[in-house]
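Asks: Read off the chains here:
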Amino acid sequence: MNHMEEKLTKGIRADGRKFDEIRKIEIEYNISKNAEGSARCRLGETEVLAGVKLEIGTPYTDSPDEGSIVVNAELGPISNPDFVSGPPGAEATEIARLVDRGIRESKAVDFKKLCIKSGEKVWIFLIDIYTTNDAGNLIDAAYYASLAALKEIRMPKVKDDKIVFGEYTKDKMKLEKFPINFTFGKIGKHIILDPSMEEEKFLDARLTLAVDNKHVHSMQKNGNGSFTLEEIEQIIDIAFRKDAEVKKLFK
Amino acid sequence: MVYSKRASGRKFEELRKMEAKVGIIPRADGSAMFKIGDTIAIAAVYGPRELHPKFLQNQERGLLRCNYDMISFSVPERKKPGPARRSVEISMVTEKALMPVLDLTKYPNTVVDVFIQIIQANSGTRCAGICAASMALAHAGVPMKGLVGAIAVGKVGDKIVVDLDKEEEDFSEGATDIPIAMTGRGKEITLLQLDGDISKEELKKALLLGEEKIKEIIKKQEEALKEYFKVD
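In the order they appear, the protein sequences are chains A and B.
The first sequence begins at 846 in this note's numbering and counts up one residue at a time.
The second sequence begins at 846 in this note's numbering and counts up one residue at a time.
None of these hints come from the bench; they were simulated from the model.
There could be a bad hint or two in this list.
Listed next, the in silico DSSO-like pairs over lysine-lysine satisfying Cα-Cα at most 27 Å (straight line) [stated by the list, open to error]:
id	chain 1	residue 1	chain 2	residue 2
1	B	Lys-925	A	Lys-1017
2	A	Lys-878	B	Lys-866
3	B	Lys-856	A	Lys-878
4	B	Lys-856	B	Lys-1060
5	A	Lys-1092	A	Lys-869
6	B	Lys-1065	B	Lys-941
7	A	Lys-1096	A	Lys-1019
8	A	Lys-996	A	Lys-1007
9	A	Lys-869	A	Lys-962
10	A	Lys-869	B	Lys-866
11	A	Lys-1004	A	Lys-852
12	A	Lys-1002	B	Lys-925
13	A	Lys-878	B	Lys-941
14	B	Lys-925	A	Lys-1004
15	A	Lys-996	B	Lys-850
16	B	Lys-925	A	Lys-878
17	A	Lys-1015	A	Lys-958
18	A	Lys-1022	A	Lys-869
19	A	Lys-1004	B	Lys-1011
Construct all of the structure, not just a fragment, from the sequences and the given hints.
Replies: In C-alpha cells form, the structure reads like this:
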C-alpha cells in the first residue's frame, strides 16, 4: 500500500479535503475582448483559459439545419514542466473530446438555433482551451472554463455572409441546459472527487461524467484499474448531489 | 499625411496604461503577466533544466529557449493553434533580446525555457511578451545583469509616437513600426525591428523617445517584483 492510499484509509486526503470536496472554483469572464466568449477557470491552483470564436460554415449533409461546435485543447508547456510543444496528444485530445461530449450530448447548445440558412450556412463555435497552470484535474477546469465562455457568447454582426468582428447584435446565445462535469479518482478502494496533481500520480482509475438535473450525459473511464458497479452508482450519486452547488458558481 | 491627434486620445509620447504582476503561474519556476492597453502577455520560466537531446548541450553555459505564441482567441480573426512563421521569428528575436542580460555560465548543459502566451492582442505583443519574460526570469532567480524593457516606437502619418495601437499600425496613410528592447542599466538595444518608411533623423528621434519610455516600463516591472518579494 502506498502512503497516499494509507492516508486515505485513515480518512485523510493530502490537502485536507473531504473525499467528495471540490477545490475552490473561480470563474472570470471575458478575458479576451477579441473572443466572442471567453473565460478563465481556477480550480484550486489549476488554471485553464477557454475562448470561443465564431465561424460561418456549411452544415453536414445529414443535418442541414444544424450548426456545430469544434473543441480543441492545448496542454501548453507553460502550464507544466513535463508538457512539450507540438500538436495535441492523447491527453489533450481526451480533454477536448470530453468537453465536446458533455456539451453536445446534453444538448446544452441547441444546434438548430445555429442554423442561418438550411443546407447552406450555419454557425460553428470554435472552442479553444489553453492550460496555464496544471495542479491536477485539468479536465474539469477545462470544462468549466469552456462552459463559462459559451455562456457569455455575444453574437457578431454579419455583412455579406461575413462576420464583422468586434461588432455585436443584441442577441445572446442562451444555453438550453447547464451540464456539470465531474472527475473522480480511485486510489485503492477510495473514491475521491477532483483529484489534485499529487493524487493523480497514485490514481488506479479515473471516471469523468457530465450530469444535469439527475441525467447523465457523458462518461469516460480511464486509468489501468477498474470500478465496481456499486462504485459507479456511488459516483453518480455524488455528482447528482454536487451538480446544483457547482451550477451556482456560474453567475 | 498629417496625424494631428491620436485616436485613443493619448499624447504622442504617452504609453497606454500598464499593469504588471509576478508569480501568476505557481507551477513554473518563474512567471509574470504584463499588460499594456488591451495587450496582455503572460510568461513562464522553467529551468535551468537538463537539455535534451544531449548534442544540443553547451558545456560552457546554459542555453535560453523562448517560445512565443498567441492564443487562438486573442485576435479578432481566430489564429489557428500551433506555430506559424511569425511566431517562430518572434520567439527567436525574443531570445536575442533577453540573452544579453543573462549569465548562464554557472549552468552548463542546461536550458532555460521561457514560454510566452498572448492572451489578448492589440499591437505590441512581442514587446509585452519580452517585458513579461524579463520579469519571469527575474522571478525565477536566473542570474541577470538587469531587466529588459520593450516597446514599439514609430511614425504615424507625420508624427513620431510611442506604443502604437492596432488602429495606428493600420493607419491608412502609412505607419512605421519599430519594436525595440533595451536593458535598464546600460541602455543597450537588444531588440530592433523596423517595418515602414522613416528618415535617419526621425529614427533617431523615435529611438530616443523609446529609451525615455522604457525607463517607465522598467520601473513598472521593478515595482511588480518588489511587490511580490515584499516582506510583510
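Asks: Next step is simple, just say for each hint if it's right about the structure.
Replies: Against the structure, the hints come out as follows:
| no. | hint | verdict |
| --- | --- | --- |
| 1 | B/Lys-925 to A/Lys-1017 | 25 Å, holds |
| 2 | A/Lys-878 to B/Lys-866 | 20 Å, holds |
| 3 | B/Lys-856 to A/Lys-878 | 24 Å, holds |
| 4 | B/Lys-856 to B/Lys-1060 | 17 Å, holds |
| 5 | A/Lys-1092 to A/Lys-869 | 13 Å, holds |
| 6 | B/Lys-1065 to B/Lys-941 | 22 Å, holds |
| 7 | A/Lys-1096 to A/Lys-1019 | 14 Å, holds |
| 8 | A/Lys-996 to A/Lys-1007 | 23 Å, holds |
| 9 | A/Lys-869 to A/Lys-962 | 43 Å, violated |
| 10 | A/Lys-869 to B/Lys-866 | 22 Å, holds |
| 11 | A/Lys-1004 to A/Lys-852 | 61 Å, violated |
| 12 | A/Lys-1002 to B/Lys-925 | 22 Å, holds |
| 13 | A/Lys-878 to B/Lys-941 | 31 Å, violated |
| 14 | B/Lys-925 to A/Lys-1004 | 23 Å, holds |
| 15 | A/Lys-996 to B/Lys-850 | 39 Å, violated |
| 16 | B/Lys-925 to A/Lys-878 | 18 Å, holds |
| 17 | A/Lys-1015 to A/Lys-958 | 15 Å, holds |
| 18 | A/Lys-1022 to A/Lys-869 | 23 Å, holds |
| 19 | A/Lys-1004 to B/Lys-1011 | 22 Å, holds |
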